[in-house]
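Number of protein chains: 2
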Amino acid sequence: MDELPLVLVHVLPPFEIPFKGRLQSRFQLIDSSDSTFSPHASVLLCVGPAPVSSDTLRHLPSLQCIVGSSAGVDHIDLEECRRRGITVTNAGSSFCEDGADFAIGLLIDVLRRISAADRYVRAGLWPMKGDYPLGSKLGGKRVGIVGLGKIGSEIAKRLVAFGCRIAYNSRNKKSSVSFPYYANICNLAANSDILIICCALTKETHHLIDKDVMTALGKEGVIINVGRGGLINEKELVQCLVQGQIRGAGLDVFENEPDVPKELFELENVVLSPHKAIATLESLASLQELIVGNLEAFFSNKPLLSPINLD
Amino acid sequence: MDELPLVLVHVLPPFEIPFKGRLQSRFQLIDSSDSTFSPHASVLLCVGPAPVSSDTLRHLPSLQCIVGSSAGVDHIDLEECRRRGITVTNAGSSFCEDGADFAIGLLIDVLRRISAADRYVRAGLWPMKGDYPLGSKLGGKRVGIVGLGKIGSEIAKRLVAFGCRIAYNSRNKKSSVSFPYYANICNLAANSDILIICCALTKETHHLIDKDVMTALGKEGVIINVGRGGLINEKELVQCLVQGQIRGAGLDVFENEPDVPKELFELENVVLSPHKAIATLESLASLQELIVGNLEAFFSNKPLLSPINLD
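Those protein sequence lines, which keep their order, are chains A and B.
With the first letter of the first sequence counted as 1, position 35 gets the number 35 in our numbering; the numbers rise by one all the way through.
If you want our numbering, it's the 1-based position in the second sequence plus 1000.
Since the hints were made in silico from the structure, they are not lab data.
A few of these clues could be false.
Pairs of lysine-lysine, DSSO-like flavour, derived with a Cα cap of 27 Å [stated by the list, open to error]:
#, chain 1, residue 1, chain 2, residue 2
1, A, Lys-157, A, Lys-173
2, A, Lys-235, A, Lys-262
3, A, Lys-211, A, Lys-173
4, B, Lys-1235, B, Lys-1203
5, A, Lys-173, A, Lys-150
6, A, Lys-129, B, Lys-1262
7, A, Lys-173, A, Lys-203
8, A, Lys-262, A, Lys-211
9, A, Lys-129, B, Lys-1235
10, A, Lys-262, A, Lys-219
11, A, Lys-157, B, Lys-1157
12, B, Lys-1150, A, Lys-157
13, B, Lys-1219, B, Lys-1262
14, A, Lys-203, A, Lys-235
15, A, Lys-150, B, Lys-1157
16, B, Lys-1020, A, Lys-129
17, A, Lys-235, B, Lys-1129
18, A, Lys-20, B, Lys-1129
19, B, Lys-1129, A, Lys-262
Pulled a few chain A residues facing chain B out of the computed Cβ check, cut under 8 Å [what the hints assert, rightly or not]:
#, residue
20, Asp-98
21, Ser-115
22, Pro-127
23, Ala-161
24, Gly-163
25, Phe-265
26, Ala-279
None of the values given here were measured: they were computed from a predicted structure.
Beta carbons: idealized from backbone N, C-alpha and C, even for Gly.
Produce the complete structure using the sequences and hints provided.
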């Protein structure tokens, strides 16, 4: 055991490491709450969204690397990592395709009312009440993608095949992309039928989607969020949905998960998902490969497989 | 009124002509149940799936054309139309994109459990029971398309963007297509993870998907049906779903609509839709154009816009 490299594991109780056995054959796994090893740990495996605050980091003076297991890393104090020269890895592209697939699934569901119609059929209403109201066509719609990173690019690729017109907002215009770029989120919303939110949650993007953006999107507008709950002002979103100021929403993430605003439970124009856009059985398997690969790269001084840019 | 061309309208009570006013400004609309005009009618406008049997046709000795409003025309006695030289039009490509979009929506929903997870969240179970089970990835899946017509081709186009591998079954191999062709439906099923059913319902395709096909598809297999209920042996499908002999199904059509087998109501691995795959508000608008165009073409002896091939 002593010969295996030491990996401190940082995990919140509801989360589990599904491939613990495999990791234990190569590394000595120590619970991060066990303070005996904290001074010596050079690498922290962060499973799920367990917060890595500046306080957490203060107790880990030898830390050189945080191996993360999620696409977003807003639960890690990146400022402090940058200051101390701690490298951070994320889930890389393991989840991009799943995230994009799910965004498209939510979008078709909202436009064509699949979940709502499924409830209608299961309640036995079809023979009693007759035809279910028609939905709206996806083809030809103007879709504004908020955050044209790995997931956003996969979403765009799929929507082109559906005949949608794509535009995007991001920190910077991307020279490799020909879609129209809007530096201002309200301008993007005003020129879109649908907004798909898939950017990182940072101080700058917190509550990026607020009442003003929804007003610009308009009464026929649809919002899909597969990013983070905090990207949207949830209180204003609920108000707009209840009052019909936008047409509908497909939401995989919420501000206070697992709590979802109860007002949404009764609405027919929303699809609610328990934060599962970015993972499937298959992508979790590929994430395991990536985590083991990052840990092995760290201990053998090779380049990490999925480092994030802290500059 | 007398100067307007006479159009006999054949419609089942729950259906309505949403653009009656527009038609009435150009044509004299007569209910097909009014036998006064039957001997003289040269054109029959068939709204929805109102059956046009040989008996219906016997009472219409002057009939030259049936203008249909659906993609499938299995409700019309085409054999008798062919014998009497009656031309038949269908919905053309109005519904193809919608049908394809919906098939993809149902497929993502079944694989990623969107409707089931939406019920989970709405029931308030997320905070109580924790994470919802993961679904399965769409990318890389082998999809067998049963019927590579207009809808099937649109489905294939979309699935390529998701990274799926496509194969197909149809009456004949299509020279314009490079996807692998399986003349035998069981062979296609054995080499597919997913079957999407979107062929026409004919005597030959009735109960095309039976126990044998589902057994060949296997326990991890998923079936999506946006064609007609009669394409699948529904009793055997229900049995396979209940007993877990296939993974799941997304069903827009059923054998005895609007009656849906009650055994399906309790299953978490199915998505049930009240026959609405092929229409949206937008596609209905384009269908109206097509119907008016077909009627005007008929009365001015011009080529019909969407005749079906009766040979």
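We went through each hint and held it up to the structure:
Only pairs whose Cα atoms come within 27 Å are accepted, and A:Lys-157 paired with A:Lys-173 is accepted, the gap being roughly 18 Å. Distance hint between A:Lys-235 and A:Lys-262 is fulfilled; the C-alpha atoms sit about 11 Å from each other, no more than 27 Å. Proposed proximity of A:Lys-211 and A:Lys-173 is supported: the alpha carbons are some 25 Å apart, at most 27 Å. Proximity of B:Lys-1235 to B:Lys-1203 is assessed by CA-CA distance (about 18 Å); at most 27 Å being required, the pair is judged to hold.
Between the alpha carbons of A:Lys-173 and A:Lys-150 the distance comes to roughly 15 Å, so the proposed pair stays at or under 27 Å and holds. Proximity of A:Lys-129 to B:Lys-1262 is assessed by CA-CA distance (about 17 Å); at most 27 Å being required, the pair is judged to hold. A threshold of 27 Å between alpha carbons decides the hint, and for A:Lys-173 with A:Lys-203 the separation of about 20 Å falls inside it, so the pair holds. Between the alpha carbons of A:Lys-262 and A:Lys-211 the distance comes to roughly 19 Å, so the proposed pair stays at or under 27 Å and holds.
For a cut-off of 27 Å, the pair hint linking A:Lys-129 to B:Lys-1235 stands: about 25 Å separates their Cα positions. Among the hinted pairs, A:Lys-262 with A:Lys-219 is consistent with the structure: their alpha-carbon atoms are about 22 Å apart, no more than 27 Å. In summary, the hint linking A:Lys-157 to B:Lys-1157 is supported, as the alpha carbons are separated by about 12 Å, within the 27 Å threshold. Of the supplied pair hints, the one linking B:Lys-1150 and A:Lys-157 holds, its CA atoms being roughly 22 Å apart against a limit of 27 Å.
Simply put, B:Lys-1219 and B:Lys-1262 have alpha-carbon atoms about 22 Å apart, close enough for the 27 Å limit, and the pair holds. Distance hint between A:Lys-203 and A:Lys-235 is fulfilled; the C-alpha atoms sit about 18 Å from each other, no more than 27 Å. Our distance criterion of 27 Å between C-alpha atoms is met by A:Lys-150 and B:Lys-1157, whose separation comes to about 22 Å. Restraint check for B:Lys-1020 and A:Lys-129: the C-alpha separation of about 23 Å stays at or below 27 Å, so the hint holds.
A threshold of 27 Å between alpha carbons decides the hint, and for A:Lys-235 with B:Lys-1129 the separation of about 25 Å falls inside it, so the pair holds. Note on A:Lys-20 and B:Lys-1129: the hinted pairing holds, with a Cα-Cα distance of about 23 Å set against a maximum of 27 Å. Taking the CA atoms of B:Lys-1129 and A:Lys-262, the gap is near 17 Å; set against the 27 Å cutoff, the hint holds. Taking 8 Å as the C-beta contact cut-off toward chain B, the hint placing A:Asp-98 at the interface holds, the least distance being around 6 Å.
Among the interface hints, the one on A:Ser-115 holds; its C-beta lies about 4 Å from the nearest C-beta in chain B, closer than the 8 Å criterion. With a cut of 8 Å, the hint placing A:Pro-127 at the interface with chain B holds, because the nearest CB-to-CB distance is about 4 Å. About 4 Å separates the beta-carbon of A:Ala-161 from the nearest beta-carbon of chain B, less than 8 Å, and the hint is met. Evaluation of the A:Gly-163 hint against chain B yields a held restraint, the C-beta minimum of about 7 Å falling below 8 Å.
The interface hint given for A:Phe-265 holds, since its Cβ lies 5 Å from the closest Cβ of chain B, which is under the 8 Å cut-off. This hint holds: A:Ala-279 has a C-beta 6 Å from the nearest C-beta of chain B, less than the 8 Å allowed.
Checked against the numbered hints given earlier, the structure satisfies every one of them.
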